[in-house]
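If you read the sequences in order, they're chains C and X. Following the numbering used here, the numbering of the first sequence begins with 35 at its first residue and continues without gaps. Following the numbering used here, the numbering of the second sequence begins with 35 at its first residue and continues without gaps.
It is worth saying that the hints were derived from the structure and are not from the lab. Among the hints, a few may not be true.
Note that identical chains are pooled: a pair holds if it fits in a single copy or bridges any two copies.
Below are the SDA-like pairs computed for lysine to any residue, each with C-alpha atoms no more than 25 Å apart in a straight line [what the hints assert, rightly or not]: (1) 56 x 85; (2) 56 x 111; (3) 56 x 380; (4) 302 x 65; (5) 56 x 45; (6) 56 x 264; (7) 56 x 342; (8) 56 x 101; (9) 302 x 224; (10) 302 x 370.
Protein chains: 2
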Amino acid sequence: MNRYWSDTVRQLSPYVPGEQPKIDNLVKLNTNENPYPPAPGVLEAIRRETGDGLRRYPDPNADALRAAIARNFGLSSNQVFVGNGSDEVLAHAFFGLLKQQAPIRFPDITYSFYPVYCRLYGIDYEAVPLDEDYAIELAGYNGRCGGVIVPNPNAPTGRALPLAAIETLLRAQPDVVVIIDEAYVDFGTESAVSLIGRYPNLLVSQTLSKSRSLAGLRVGYALGDAGLIEGLERVKNSFNSYPLDRLAIAGAIAAFEDRDYFERTRLKIIASRDRLTAALGRLGFTVLPSGANFVFARHASRDAATLQQGLRERRIIVRHFAQPRIDQFLRITIGTDAECDILLGALEEILGA
Amino acid sequence: MNRYWSDTVRQLSPYVPGEQPKIDNLVKLNTNENPYPPAPGVLEAIRRETGDGLRRYPDPNADALRAAIARNFGLSSNQVFVGNGSDEVLAHAFFGLLKQQAPIRFPDITYSFYPVYCRLYGIDYEAVPLDEDYAIELAGYNGRCGGVIVPNPNAPTGRALPLAAIETLLRAQPDVVVIIDEAYVDFGTESAVSLIGRYPNLLVSQTLSKSRSLAGLRVGYALGDAGLIEGLERVKNSFNSYPLDRLAIAGAIAAFEDRDYFERTRLKIIASRDRLTAALGRLGFTVLPSGANFVFARHASRDAATLQQGLRERRIIVRHFAQPRIDQFLRITIGTDAECDILLGALEEILGA
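Only chain C is shown next, with the shape it has when bound in the complex:
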């Protein structure tokens, strides 16, 4: 504690991101990055933008990127908000849309940044327990509240809700904003984007960090009714006029242009996930059904933290959450099949010992 801090700083509990080890030759399966490189056109677009023009401010509204995203989803540019990763987009959404009188709701086991935003902005919340199968229990989202945020698929469980369930949620809460955080949606989960025209309270957030292989470029976006987007713009323009640099804008536009590469890599990851899920089952793991680029798995007899440590000694990093109800699970990012095989070999060795 420093005497000069504001009261806000004093009571924060900052988010702790997954480790980014500065060690080479790791099999890194802990932060849900994509095992495939960005589309070749992305790297070309960034190289083209790397020139004298960097002395100039970027377009503060990133109009060209918003147009590219709008085209991709069949929306208008005024239904698209872009930011420095979906974390920044969500931060603005918490401040601008979810900060209400009544407490907001999200699952008790979910992306651990949500309660951090609440603390930052002084937002009350109620954590709605997942059911016994670690699925989101829709009934818990009925009745008066200040807003709802649900990831679909959920993290770290990977479990997805069907579109009909999202629509039930929207119908139950027409007077508050419902955010569907679709960071992992492209790995086999139905997107709620198709509902945007019908629900003016629906905001969908997505990211280029996972399915577009661009975690290092920091671009996320939200899609929704123009009124919601305008609210986000007002917060953004009271915070930082230019959150996306010129290189990020150029690279992100190119990422939406190569649909074929996007399809091929996301389908490969889905296939690897199915293969890994089956193999983990044979090793005695229970694996929750996943609609994401990771699996959440628990071994029948071995302690998760011990398994994580054993993998780490073999230079394989997976994520473990020392948190009630899920402390016997490991969250494992889907790597290439070769990386998955290294993981499986190491687990066999540890389990056999």
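Let chain C serve as the given structure and place chain X on it in line with the hints.
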């Protein structure tokens, strides 16, 4: 107004950045960008980083960049905070350090983002009038307040305070944070960085957008006591773990490595400023003494908004603020000598007409 907005959004008055026209062949002297390109090493470093590694998250703490900045200033890494442009750095500083019970103070004529941050975070402020020469009046900063932020040199006036005046300010306000916003300091103003060891309440913010020719890359930083920096880190880690992408980190590190290029370009801009100031004087302008890469100039007999419009018709963009006390001034960014000559030629034409 949208029914889903939070009360916060409803009462915001967002910042309006200087125009970024999407027209070619402009002489663009409105947003204080550097007329010289980034150092060659910066572009090389970005190109090297443009590869498959973009699929990975950046270092959330940007340790390598913080170390490079610390080395440049003879500080430790824990005295350095980095962010997505100094606008983001300042936003976190307002929330984390300046949000106090008592109102904060800043000049009545200054960077127009300060009152916007206050509105965003619910911070009271008192605007302290500049004196009749548009200089900062130190006496106005005595007595109980919640904090102080002063740009040095000030914007849009360009007027600088000597280091002794900054120290007077720090001595007058030992119990609250004093932020010196040094966005333009490298163009001939004394930096307060040398005072950091002695004043635990001093935070100095700087940017790579101006003197390092990297407005398009979005990197800013704050320097100060490790306790203040820790407070900023807590806010940042409750907002967005990874505000700087991999390309921005790589480019920014390289920008601090080429000291010679930095020195040469900033001295060229200072020389061009002196030359432009003299020439504007010959055309009947009063030019405030500037320690920045822009001048603030008023014509003896011609209306500033009319002059701005006349320049615009000749494809020359300068900035005008329709604001009491300064609505007869133009803020003109220092371009190359060739650009300054085009400006002077156009002014001669307009004034002669």
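Each hint tested on the structure:
no.: 1; hint: 56 x 85; result: between (29 Å within a copy, 18 Å between copies)
no.: 2; hint: 56 x 111; result: between (39 Å within a copy, 17 Å between copies)
no.: 3; hint: 56 x 380; result: within (22 Å within a copy, 55 Å between copies)
no.: 4; hint: 302 x 65; result: within (18 Å within a copy, 46 Å between copies)
no.: 5; hint: 56 x 45; result: neither (31 Å within a copy, 44 Å between copies)
no.: 6; hint: 56 x 264; result: between (40 Å within a copy, 22 Å between copies)
no.: 7; hint: 56 x 342; result: within (18 Å within a copy, 52 Å between copies)
no.: 8; hint: 56 x 101; result: between (37 Å within a copy, 15 Å between copies)
no.: 9; hint: 302 x 224; result: within (18 Å within a copy, 57 Å between copies)
no.: 10; hint: 302 x 370; result: within (8 Å within a copy, 52 Å between copies)
Comparing the model with each earlier hint shows a violation of hint 5 alone; every other hint is respected.
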